[in-house]
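Here is what each chain is made of, one letter per residue.
2 protein chains.
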Amino acid sequence: MQKVNIQEKLASFSDHWNPRIVGELNGQHVKATKLKGEFIWHHHDHEDELFLVIKGKLKMEFREKTVEVNPGEFIIVPRGVEHRPVADEEVELLLFEPASTLNTGNVENERTRKELEKI
Amino acid sequence: MQKVNIQEKLASFSDHWNPRIVGELNGQHVKATKLKGEFIWHHHDHEDELFLVIKGKLKMEFREKTVEVNPGEFIIVPRGVEHRPVADEEVELLLFEPASTLNTGNVENERTRKELEKI
Numbered sequence: 003m004q005k006v007n008i009q010e011k012l013a014s015f016s017d018h019w020n021p022r023i024v025g026e027l028n029g030q031h032v033k034a035t036k037l038k039g040e041f042i043w044h045h046h047d048h049e050d051e052l053f054l055v056i057k058g059k060l061k062m063e064f065r066e067k068t069v070e071v072n073p074g075e076f077i078i079v080p081r082g083v084e085h086r087p088v089a090d091e092e093v094e095l096l097l098f099e100p101a102s103t104l105n106t107g108n109v110e111n112e113r114t115r116k117e118l119e120k121i
Numbered sequence: 003m004q005k006v007n008i009q010e011k012l013a014s015f016s017d018h019w020n021p022r023i024v025g026e027l028n029g030q031h032v033k034a035t036k037l038k039g040e041f042i043w044h045h046h047d048h049e050d051e052l053f054l055v056i057k058g059k060l061k062m063e064f065r066e067k068t069v070e071v072n073p074g075e076f077i078i079v080p081r082g083v084e085h086r087p088v089a090d091e092e093v094e095l096l097l098f099e100p101a102s103t104l105n106t107g108n109v110e111n112e113r114t115r116k117e118l119e120k121i
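Listed in order, the protein sequences are those of chains A and B. Take the position in the first sequence, starting the count at 1, then add 2; the result is the number in our numbering. Take the position in the second sequence, starting the count at 1, then add 2; the result is the number in our numbering.
Isolated chain A (complex conformation) (with noise of 0.2 Å):
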């Protein structure tokens, strides 16, 4: 049983929109990921998301509003909803999903990540 600070897992990695997972547990996966910028737009059919804030502000893009989440502050995103996480500035972030779960969700392009590295 290994402890896992999540500041040194960040600072392991510096590029955008490529998780890692940093935690595996029950069938789901804790990943660790840094965003910048707009993703596209998606939804997942058969998973739940949550995206847990540490450093900067996300805003999560829904059809018909956005919400801004904050450092100490969560969203879940459940399945069937369509979504785009926006950050303007670098917003690093905890994601809790199924170990199925495919960052584009039903989208498959070249921003997909299939493969993902276990820091």
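Be a bit skeptical, because a hint or two may be false.
Since the list can't tell identical chains apart, any single copy or any two copies may satisfy a pair.
What the hints assert, rightly or not - Keeping only pairs whose Cα atoms sit at most 20 Å apart, straight-line, the calculated EDC-like set for lysine to aspartate or glutamate is:
(1) K57 / E91
(2) K120 / E75
(3) K57 / E10
(4) K57 / E75
(5) K5 / E70
No lab work stands behind these hints: they were computed from the structure.
Please arrange chain B on chain A, whose structure you already have, making use of the hints.
Chain B in isolation, oriented as in the chain A frame:
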């Protein structure tokens, strides 16, 4: 889709060893709780548990060692592993674990909490 502010949730109660549900996804619960003192030795037959420390120093005792978990750090306790959380001073934390998880695991006594409040 509502965001959750962790500090606001933690500020809304003051008792110890009584987790509140603050989020639900994929059959898992996110719980907020405060600890002070020593808990009981127990394990969970079917659930892995994640402890993410928000405030204070959590001492997670295992039979062979103790791991200190500080704010910004988490530890995953795999199913079947005996453990005892100890908080010399008050600790505030988030738990991520299956909705089926009982706080005292394989033990049922006066510290068991079966009906958790959603806040």
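Going down the list of hints, with the structure as the test:
1. Taking identical chains as interchangeable, the C-alpha atoms of K57 and E91 lie at most 20 Å apart only when both belong to the same chain, with a minimum of 10 Å there against 27 Å between chains.
2. Proximity of K120 to E75 under the C-alpha cut-off of 20 Å is restricted to the inter-copy arrangement: shortest distance 17 Å between copies versus 25 Å within a copy.
3. Taking the shortest Cα distances, K57 and E10 sit within 20 Å of each other both inside one copy (13 Å) and across copies (18 Å).
4. Both within a single protomer and between protomers do K57 and E75 lie at most 20 Å apart by alpha-carbon distance, with minima of 10 Å and 15 Å respectively.
5. For the identical chains of this complex, K5 and E70 are inter-copy neighbours only, at 8 Å across copies versus 30 Å inside a copy, given an alpha-carbon limit of 20 Å.
Checked against the numbered hints above, the structure breaks none of them.
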